[in-house]
Structure formats: C-alpha cells, structure tokens
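Please work from the sequences and hints to get the whole structure.
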Amino acid sequence: MNDKKIKIKITDDCQIFAKTVGVKGQDCLAYIELLEQLLDAETVDSNYTEEYYQTEIQSFRQNKQFLKGGD
Numbered sequence: 001m002n003d004k005k006i007k008i009k010i011t012d013d014c015q016i017f018a019k020t021v022g023v024k025g026q027d028c029l030a031y032i033e034l035l036e037q038l039l040d041a042e043t044v045d046s047n048y049t050e051e052y053y054q055t056e057i058q059s060f061r062q063n064k065q066f067l068k069g070g071d
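Numbering (UniProt numbering), first residue to last: 1 to 71.
Be aware that a few hints might be false.
Said to hold, decoys possible - Under the rule of at most 27 Å between Cα atoms (straight-line distance), these lysine-lysine pairs were calculated in the DSS-like manner:
| hint | residue 1 | residue 2 |
| --- | --- | --- |
| 1 | K24 | K9 |
| 2 | K5 | K19 |
| 3 | K7 | K19 |
| 4 | K7 | K24 |
| 5 | K24 | K5 |
| 6 | K19 | K4 |
| 7 | K9 | K19 |
| 8 | K24 | K4 |
To be verified - Computed Cβ-Cβ distance ranges for the label pairs, DEER-style:
| hint | residue 1 | residue 2 | range |
| --- | --- | --- | --- |
| 9 | K9 | L29 | 17 to 25 Å |
| 10 | F66 | F17 | 49 to 57 Å |
| 11 | K64 | A41 | 18 to 26 Å |
| 12 | K19 | G69 | 50 to 58 Å |
| 13 | G69 | L29 | 32 to 40 Å |
| 14 | Y31 | Q62 | 46 to 54 Å |
Just so you know, these hints were derived from the structure itself, not from any lab. Heads up, the beta-carbon is just placed ideally off N, CA and C, and yes, glycines get one too.
Here is the structure:
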C-alpha cells in the first residue's frame with residue numbers, strides 16, 4: 001500500500017513550503033489548488049519531484065464465482 005502525504009514547512013518569515021510524498025504522475029498537481037484553498041495562499045513557485053515522472057501501478061483483483069444451476 002502506497003501512503004500519500006503532504007509535508008508542509010512554515011519558516012520563521014511565514015513562507016510555506018509543501019512537498020507531496022508518494023503521489024506519482026500528474027496526481028500531485030491537484031494538491032496545489034487544495035493547498036492554496038486550505039492555506040488561503042497563492043503558489044509562487046513549484047517544481048516537479050522525481051515521483052512526477054513515475055506512474056502509479058494499480059493492481060486489480062478479480063474474483064470469479066461460478067454457480068451450478070439446478071435445472
């Protein structure tokens with residue numbers, strides 16, 4: 001299971017830095033708007049992390065059940 005986190009750092013001069021961890025691909029971009037709303041702030045600068053260039057692997061498990069009918 002992949003834990004998705006946002007690390008937030010607030011400096012003494014009230015600058016806010018945030019970094020997504022465990023968020024792969026373009027999914028991280030959705031967090032920018034969320035953080036702007038939560039912090040009532042505007043993004044001044046952003047950079048892609050190494051995880052941005054990775055893709056999330058999703059696995060699906062399928063169970064099949066066959067029932068024998070009593071015709």
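Checklist line | Hint numbers contradicted by this structure | finding: 11, 13 and 14
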